[in-house]
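Engineer: Produce the complete structure using the sequences and hints provided.
Going down the list, the sequences are from chains A and B. Going by the numbering used here, the first sequence opens with residue 1, and the numbers climb by one from there. Going by the numbering used here, the second sequence opens with residue 355, and the numbers climb by one from there.
No incorrect hints appear here.
With a straight-line cut-off of 20 angstroms between C-alpha atoms, the simulated SDA-like cross-links for lysine to any residue are: (1) K53(A) with Q376(B); (2) K53(A) with Q693(B); (3) K456(B) with E10(A); (4) K7(A) with P528(B); (5) K469(B) with G500(B); (6) K652(B) with A695(B); (7) K44(A) with L397(B); (8) K7(A) with A479(B); (9) K361(B) with F144(A); (10) K456(B) with R530(B); (11) K407(B) with L397(B); (12) K407(B) with Q25(A); (13) K407(B) with E338(A); (14) K310(A) with D300(A); (15) K7(A) with K115(A); (16) K53(A) with Q379(B); (17) K407(B) with Q339(A); (18) K102(A) with K361(B); (19) K44(A) with L406(B); (20) K456(B) with A119(A); (21) K407(B) with R41(A); (22) K361(B) with A125(A); (23) K53(A) with P394(B); (24) K469(B) with L484(B); (25) K407(B) with T31(A); (26) K102(A) with M355(B); (27) K102(A) with M142(A); (28) K102(A) with S356(B); (29) K361(B) with D175(A); (30) K312(A) with R301(A).
Hints were generated in silico from the structure; no laboratory data involved.
Listed below, chain by chain, are the residues.
There are 2 protein chains.
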Amino acid sequence: MSRFLSKEAERLAPYTPGEQPQDAQYVKLNTNESPFPPSPRVLKALSRAELLKLNLYSDPTCAALNSAIARRYELQPENVITGNGSDELLAFAFRAFCGQGKGVAYADITYGFYKSQAAFFGLDATVIPLREDFTLNVDDYMDFPGTIFIANPNAPTGMAVPRADIQRLLEADPDRVVIVDEAYVDFGAESCVPMIYRYDNLLVMQTMSKSRSLAGGRVGFALGSAELIAALNRVKYSFNPYNVNRLSIIAGAAAVEDEPYFQACTGAIQNNRAWTVRELEALGFTVLPSQANFIFAKSDRIPGGELYRKLKENGILVRWFDADRVRDYVRVTIGSLEQMAALVDEAARLLEEV
Amino acid sequence: MSRFLSKEAERLAPYTPGEQPQDAQYVKLNTNESPFPPSPRVLKALSRAELLKLNLYSDPTCAALNSAIARRYELQPENVITGNGSDELLAFAFRAFCGQGKGVAYADITYGFYKSQAAFFGLDATVIPLREDFTLNVDDYMDFPGTIFIANPNAPTGMAVPRADIQRLLEADPDRVVIVDEAYVDFGAESCVPMIYRYDNLLVMQTMSKSRSLAGGRVGFALGSAELIAALNRVKYSFNPYNVNRLSIIAGAAAVEDEPYFQACTGAIQNNRAWTVRELEALGFTVLPSQANFIFAKSDRIPGGELYRKLKENGILVRWFDADRVRDYVRVTIGSLEQMAALVDEAARLLEEV
Numbered sequence: 001m002s003r004f005l006s007k008e009a010e011r012l013a014p015y016t017p018g019e020q021p022q023d024a025q026y027v028k029l030n031t032n033e034s035p036f037p038p039s040p041r042v043l044k045a046l047s048r049a050e051l052l053k054l055n056l057y058s059d060p061t062c063a064a065l066n067s068a069i070a071r072r073y074e075l076q077p078e079n080v081i082t083g084n085g086s087d088e089l090l091a092f093a094f095r096a097f098c099g100q101g102k103g104v105a106y107a108d109i110t111y112g113f114y115k116s117q118a119a120f121f122g123l124d125a126t127v128i129p130l131r132e133d134f135t136l137n138v139d140d141y142m143d144f145p146g147t148i149f150i151a152n153p154n155a156p157t158g159m160a161v162p163r164a165d166i167q168r169l170l171e172a173d174p175d176r177v178v179i180v181d182e183a184y185v186d187f188g189a190e191s192c193v194p195m196i197y198r199y200d201n202l203l204v205m206q207t208m209s210k211s212r213s214l215a216g217g218r219v220g221f222a223l224g225s226a227e228l229i230a231a232l233n234r235v236k237y238s239f240n241p242y243n244v245n246r247l248s249i250i251a252g253a254a255a256v257e258d259e260p261y262f263q264a265c266t267g268a269i270q271n272n273r274a275w276t277v278r279e280l281e282a283l284g285f286t287v288l289p290s291q292a293n294f295i296f297a298k299s300d301r302i303p304g305g306e307l308y309r310k311l312k313e314n315g316i317l318v319r320w321f322d323a324d325r326v327r328d329y330v331r332v333t334i335g336s337l338e339q340m341a342a343l344v345d346e347a348a349r350l351l352e353e354v
Numbered sequence: 355m356s357r358f359l360s361k362e363a364e365r366l367a368p369y370t371p372g373e374q375p376q377d378a379q380y381v382k383l384n385t386n387e388s389p390f391p392p393s394p395r396v397l398k399a400l401s402r403a404e405l406l407k408l409n410l411y412s413d414p415t416c417a418a419l420n421s422a423i424a425r426r427y428e429l430q431p432e433n434v435i436t437g438n439g440s441d442e443l444l445a446f447a448f449r450a451f452c453g454q455g456k457g458v459a460y461a462d463i464t465y466g467f468y469k470s471q472a473a474f475f476g477l478d479a480t481v482i483p484l485r486e487d488f489t490l491n492v493d494d495y496m497d498f499p500g501t502i503f504i505a506n507p508n509a510p511t512g513m514a515v516p517r518a519d520i521q522r523l524l525e526a527d528p529d530r531v532v533i534v535d536e537a538y539v540d541f542g543a544e545s546c547v548p549m550i551y552r553y554d555n556l557l558v559m560q561t562m563s564k565s566r567s568l569a570g571g572r573v574g575f576a577l578g579s580a581e582l583i584a585a586l587n588r589v590k591y592s593f594n595p596y597n598v599n600r601l602s603i604i605a606g607a608a609a610v611e612d613e614p615y616f617q618a619c620t621g622a623i624q625n626n627r628a629w630t631v632r633e634l635e636a637l638g639f640t641v642l643p644s645q646a647n648f649i650f651a652k653s654d655r656i657p658g659g660e661l662y663r664k665l666k667e668n669g670i671l672v673r674w675f676d677a678d679r680v681r682d683y684v685r686v687t688i689g690s691l692e693q694m695a696a697l698v699d700e701a702a703r704l705l706e707e708v
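Structural biologist: Written as structure tokens, this is what we have:
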């Protein structure tokens, strides 16, 4: 370690993002992006006139974007905060709601970034294993006295917790904040947003990276009681007040206002997912029941790591986690039907070889 | 305070950014933006083809942008990290280089955000007063055993420390990191960048918000030894790996490659600054010797707060800090000659009234 590093920085647990090759040579199914370009409204909104204003700071309150999001989700702007991707807002939530005397819990198999961010703030997290079948049972969290992070649907399994279960968690301890990370909720799972006015301890995280085709724009948002949102703003103004840039504010607002495009894109992903699952099951794969824009699949005939490597050699990028309980699986983003057909063809060919 | 807040979040010291009215009714000289639009190269680079790729994540390594910056400053890409504005990188530096046993020092009168970020990480900062004439004397830092942040030129004074003084600090303790925040260096001050290969404990922060007309794009960068940059990347990958969005990567690279535009813009600001200083001095103002794109000025005939309010009533926005030692002054961004003429006219009119 460098002699310059603080003790706190030595103890960090940096996250390894999925491969992002900058040439376009792969069928890229490894980082859960949308295969569709952003809404035509986004392209129109990012006008030359707006580009000419890049010399001026963005609005630190993100008023136009927060209002657009509030309208879409039938909330007030005071119930919304936007971030430089939901990763940033997750970090703000760790700082706002966890610390000395306020522990944090999350699942053993879930979004790997929670661990990195807990380490960023020097928190000792309580890791609660998923059940044997990869379900998250909220009963396992009922007595936990600190803040809870639940990815719903979960990653990389794609499996969702019913809203009624989250409700039980919220009611069991009204002083405990429950953060429901709904990055993947728009592909068929039940959102907790309708419960926001009822439970002031519920914070819902969403992102425009998946269902709104803006991964490259970095727009995440959190929805919750005015009290929770004020707490997150307190953190934001201590870290980076101008956290969302001008063009992302504009793009995000235009994206969230284009409901028909959103419905068309998320509908297509669900269709393509159903097709892919059927085809892979026909090839003998076990596929966990996904409500996300990815699936988690394994074959008894080829180990996960080998499948990942061979697919990559043949131009198809999926994600493999070399970790306990999941190393038999690969995570496959649901892309266009053409991309999924390429995946299925290649998987079939590889299985013939083994 | 909210019952949900962590103790750590209660102790935060959120920063108050300058006013950002979202209508264009003011001559806006309060947040040190460039009065010039971004380089024509930036507009060209933000093409429709690039907008169509917003569904894909940005490159977490920011390779294209870091390479462009490295070329401009005659460094290697391993000497560069980019951030979501330099505010984010300053925070990363606080986490990387300060903590238990590694204190932090900065001036009493300097960029207010250092205090917010020190609080974000729960650090007890050592605040070292500027001398009576607002100069920062590095002798006052010589024996400080922790990490040092120096804004150079300083804000809101605009006054600069000679490179040779920073060099003495670097040499006095090779195990101590010195962070030189050069947000405003491009308007006439001496940059420490030429010393990077010589001192591995030197980190230089810069931003494209001022001299490169990209405040709305949020592009900051840090330059330093590969060891310091690796430490910052360790923090970045623990906080937000995709911290710079696609369009800002593109815009930043195009901006840094347009040297003639940069020279033209920064030259114009220096001319306009000289003119404004002469005019204000002719009106009896005291103006600190600024090497930044703003000036810090006071009149014995009108208190700073009153001058700020009256200018605002008359459509001119400047910044006033209601704080010890500086409340007699206003900080005025150097904009276009037309904007500065409007300021000088209005200041003259107000002085006639008192």
